[in-house]
Amino acid sequence: MTSLAQPARVLVDPFDGMGAAIEARRWVWPLLFLCFSVALSGTAFAMRWDAAPATLQRLETSGEISRYSESEIADEIQTASRKALVGGIAKGVFLMPLQVLVLAAVLWFAAWLFGTPTAFGRLMTVAAIALLPIALYHLIFAGCAAAQHTMTEARVATLVPSSLAALGGLSPKAQKLLGAVDFFNLWSVGLLGLGFSSATGMRKSRALLLAVVLYAMFVGVFVIGLPAMGDGGPPGKGGPGGGGR
1 MTSLAQPARV
11 LVDPFDGMGA
21 AIEARRWVWP
31 LLFLCFSVAL
41 SGTAFAMRWD
51 AAPATLQRLE
61 TSGEISRYSE
71 SEIADEIQTA
81 SRKALVGGIA
91 KGVFLMPLQV
101 LVLAAVLWFA
111 AWLFGTPTAF
121 GRLMTVAAIA
131 LLPIALYHLI
141 FAGCAAAQHT
151 MTEARVATLV
161 PSSLAALGGL
171 SPKAQKLLGA
181 VDFFNLWSVG
191 LLGLGFSSAT
201 GMRKSRALLL
211 AVVLYAMFVG
221 VFVIGLPAMG
231 DGGPPGKGGP
241 GGGGR
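Sequential numbering from 1 applies to the sequence shown in our numbering.
In case anyone wonders, no lab produced these hints; they're calculated from the structure. Every value quoted in this text rests on a predicted model; they were computed, and no experiment measured them. Check each hint, because a few of them may be wrong.
Said to hold, decoys possible - Computed spacing ranges between beta-carbons, pair by pair:
#, residue 1, residue 2, range
1, Pro-117, Met-47, 26 to 34 angstroms
2, Glu-23, Gly-63, 21 to 29 angstroms
3, Asp-75, Pro-117, 24 to 32 angstroms
4, Gly-225, Asp-75, 33 to 41 angstroms
5, Ala-166, Phe-222, 33 to 41 angstroms
6, Thr-61, Arg-203, 47 to 55 angstroms
7, Gly-143, Pro-172, 35 to 43 angstroms
8, Val-181, Ala-146, 24 to 32 angstroms
9, Trp-112, Glu-23, 15 to 23 angstroms
10, Val-106, Gly-201, 35 to 43 angstroms
Note that beta-carbon positions come from the ideal geometry of N, C-alpha and C, so glycine has one too.
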């Protein structure tokens with residue numbers, strides 16, 4: 001029970017709980033909880049998602065809809081639903097462990113760069129525990145999605161209104177930027193900074209600043225930069241982007 005209680009304590013008492021969890025290297029249960037929550041939210045969305053509008057729009061955009069019979073279109077819709085289900089589960093089972101591993105590697109490099117090296121296992125614990133708020137978000141999302149009659153892709157962003165993007169009347173560029181000001185993401189950033197401080201001995205103020213800078217870099221690359229490049233336009237004018245979740 002201690003292996004479960006120590007990481008959970010960090011959510012309510014990060015200043016005292018983080019150090020004990022890192023010393024004990026309690027990263028397995030937080031990682032499993034993250035994988036389970038993300039897979040559950042993906043499954044809940046796929047089970048409630050109405051794939052017909054998105055599939056028809058994709059076929060119309062490609063100009064191939066005239067080549068399909070009604071039965072073939074129905075098959076395409078069913079295939080899209082199955083892909084969403086498999087993709088949601090795969091994100092939790094495969095992508096989340098990889099994300100934790102990459103985050104731990106980034107923290108290890110940062111620790112080396114700033115002259116505060118530490119064991120990789122400690123930073124693996126920091127990465128896994130820091131993503132617990134993200135796991136909590138997905139758990140809440142799964143419950144909300146399961147309570148819906150149907151789900152659309154547009155509904156995903158507003159189902160759990162935890163960011164400033166929930167404010168109405170925003171331009172697409174402002175919506176992307178304000179979407180990064182998200183309660184769960186910022187909670188995760190705070191835990192990341194405190195955990196890095198506990199693992200390396202860096203001052204808490206510097207560690208928190210480092211975590212904020214890393215998050216800002218993540219937002220700049222994956223939320224603004226890459227979506228804009230994919231649409232062939234300048235940053236902020238591209239397709240939809242995502243936050244740390």
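For each hint, the structure was consulted:
no.: 1; hint: Pro-117 / Met-47: 26 to 34 angstroms; verdict: violated, 46 angstroms
no.: 2; hint: Glu-23 / Gly-63: 21 to 29 angstroms; verdict: violated, 60 angstroms
no.: 3; hint: Asp-75 / Pro-117: 24 to 32 angstroms; verdict: violated, 55 angstroms
no.: 4; hint: Gly-225 / Asp-75: 33 to 41 angstroms; verdict: holds, 36 angstroms
no.: 5; hint: Ala-166 / Phe-222: 33 to 41 angstroms; verdict: violated, 20 angstroms
no.: 6; hint: Thr-61 / Arg-203: 47 to 55 angstroms; verdict: holds, 52 angstroms
no.: 7; hint: Gly-143 / Pro-172: 35 to 43 angstroms; verdict: violated, 29 angstroms
no.: 8; hint: Val-181 / Ala-146: 24 to 32 angstroms; verdict: holds, 27 angstroms
no.: 9; hint: Trp-112 / Glu-23: 15 to 23 angstroms; verdict: holds, 21 angstroms
no.: 10; hint: Val-106 / Gly-201: 35 to 43 angstroms; verdict: violated, 18 angstroms
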